Amino acid sequence: MMRILTYFRQKPTRSAVPLAGIALLLLALPFTASAELGGDATSVLADQAHMKATLKTTQTGTYTVHEIQAPSGTVVREYVSPVGKVFAVAWRGPFLPDLHQVLGASFTPFTQAAQAQKRQRTGRGPVVVQQDGLVVKSAGHARNYFGKAYLPELLPQGVSAEDIR
Amino acid sequence: MMTRQNVRRFVSIPLFGALLLAVGCGGSSSPVATPAQSIANTSANVQPISVNLGPTGNYPDGVFTSVTVCAPGSTTNCQVIDNVLVDTGSFGLRVVGSALGSLALNQEIVNGNPLAECFSYVDGTYNWGPVQTADVQISGELASSVPIQVLDDAFSVIPSATCTGTPNDTAATLGANGILGVGPVQYDCGSSCTSNIPAVDQYYQCSTIAPSSSVVTSAALNLQVQNPVSLFATDNNGVIVELPAITAPQATLTGSLVFGIGTQSNNGLGSATVVPMDPNSLTFSTNFQNTNMTGSFVDSGSNALYFDSSSSSLPECSDVTFYCPTSTANLSAVNSGTGGTASVDFTVFNADQLFTTVDAALPGLAGPSDGSFTSFDWGLPFFFGRNVYTSIEGKPAPGGTTPYWAYPPN
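Line order of the protein sequences matches chains L and E.
To convert, take the position in the first sequence, counting from 1, and add 22; that gives our numbering.
To convert, take the position in the second sequence, counting from 1, and add 2; that gives our numbering.
Calculated directly from the structure, the hints in this document are not laboratory data.
All values derive from a computational prediction rather than experimental measurement.
Errors might be hidden in some of the hints.
Cβ-Cβ distance ranges computed for the label pairs, FRET-style [claimed, not checked]: (1) Gln152/L with Thr254/E: 29 to 39 Å; (2) Gly103/E with Ala138/L: 46 to 56 Å; (3) Arg141/L with Asn113/E: 35 to 45 Å; (4) Thr130/L with Asp84/E: 48 to 58 Å; (5) Asp354/E with Ala138/L: 38 to 48 Å; (6) Ala183/L with Thr359/E: 31 to 41 Å; (7) Ala127/L with Gly270/E: 51 to 61 Å; (8) Ala138/L with Asn79/E: 20 to 30 Å.
Facing chain L, a subset of chain E residues (Cβ under 10 Å, in silico) [what the hints assert, rightly or not]: (9) Tyr123; (10) Asp154; (11) Ser158; (12) Cys191; (13) Pro398.
All residues carry an ideal CB built from backbone N, CA and C; glycine is no exception.
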């Protein structure tokens, strides 16, 4: 957790939203949550049992970030647009989150694309899936996993892929 | 897969080079030249390894070896399994079930039920199968009754709610007959799987009474899949992966996997520089292009160098998974952990040009990471020409607190 927050501070501020403009809303909600890529913001409250996680919400001018920390220490950040859609997710931590849960309907296209790449050439390393409607980047090794996924068509205006981390 | 003669022939040239250097330096304590690489000869703690295309014939920059798996306590009821991937990025032995043939191992039991594991990968695949104990022999070393994972989709019922994605349990999909995880810790899950309600859904107890089912369970450390090196009687504090330098693609490449650090005459640290890792994330910091990538790691199981680059000299290939510089890029970075720093000079070749060959060992194969500029994955090309030490947490080794990686200076 600390590692991740440190990393966020160190990142070059390429975000269109200055750090000073971010309002932190710490929701001490005793619940566990996980939304899925492409789902509604209300689905943050769905699947409460799945990650057994704590939630922190950060509001920016253009979107809301739900930061979910699982007991394993892995943090999933879900980006919700003003129209209430999860347009991006990012994860980081010692254990992989359940990517099926996190990616939702995008999981199958992700695994199919990853399998197609592997049939061409076997190997082990990060997976980069870059399609018109879906970008997934998943990397890391035991005790250190990280990645992001977003739906380019749902990115709010002024938000770039670099903002998702 | 590799004859003793082949190993000897390979080894003789570097050894001769080291001898010349020693003579040339006259015993000086501050040599100006980097010592020539020495690759260990066949010995009780040395296992031959080979970079080849693996059983599927399409695995570039993978390094493989063979392991002998025996029923616990037996030296005759055994199966030699070749084409096992040597992976310093994971912990424990996983073997494709069919590669065991008729060999029966001892099933681990939790609450009266067989123990199984679902181990997930970044590409949405997983390994599924029972956890069983075996005696694992590699070179002259023996790990007795070590829990391994036997990959088998047909075992019990795969718990579809939490073990999600695509099964990766055959040689055809794995690109190997197994994975030998010899990374820097002993237990593949550790304390995250030991509490009554485990923090991670990784271990399952599988009911044998119809209808069968697989339910998440805690798994005590001694039941978990474990790095077999840590269970060797001696030479159990780490490994050295030794592969020769290459400047052009090679059909195959042979080298040595040496067990122990500073435990025998052939596994001293020598001039290697120690880079400690964070004991939780098993990472250090790589400074590259003035960016500190704090989640960096060394991994023989990654088949390329994977890192994000801001340089226009490293354009991505059309398939976006590798780099395709128009001319070979000579680069450098600095790795640092608490109390240790070591620079690395490295080269990136054009991946599309490398792939025009059907060679297994490709120097300078590299590609992008996840775009966050937070991690440098020093995969197998980093190992070519460097003896890379991976020490194991909790096992004392010369050079400082474990776990660490160490490698010779440029």
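Against the structure, the hints come out as follows:
1. Gln152/L with Thr254/E: 29 to 39 Å: holds (33 Å)
2. Gly103/E with Ala138/L: 46 to 56 Å: violated (32 Å)
3. Arg141/L with Asn113/E: 35 to 45 Å: Holds, at about 40 Å.
4. Thr130/L with Asp84/E: 48 to 58 Å: For Asp84/E against Thr130/L, whose Cβ atoms are near 34 Å apart, the range 48 to 58 Å is violated.
5. Asp354/E with Ala138/L: 38 to 48 Å: violated (18 Å)
6. Ala183/L with Thr359/E: 31 to 41 Å: holds (33 Å)
7. Ala127/L with Gly270/E: 51 to 61 Å: With Cβ atoms ~55 Å apart, the hint holds.
8. Ala138/L with Asn79/E: 20 to 30 Å: Violated, since Ala138/L and Asn79/E (Cβ atoms, about 41 Å apart) do not stay within the stated range.
9. Tyr123: holds (8 Å)
10. Asp154: violated (20 Å)
11. Ser158: Because about 20 Å separates Ser158/E from the closest Cβ in chain L, which is outside the 10 Å limit, the hint is violated.
12. Cys191: At 8 Å from the nearest chain L Cβ, Cys191/E passes the 10 Å test, so the hint holds.
13. Pro398: Pro398/E check fails; min Cβ-Cβ to chain L is 21 Å, beyond 10 Å.
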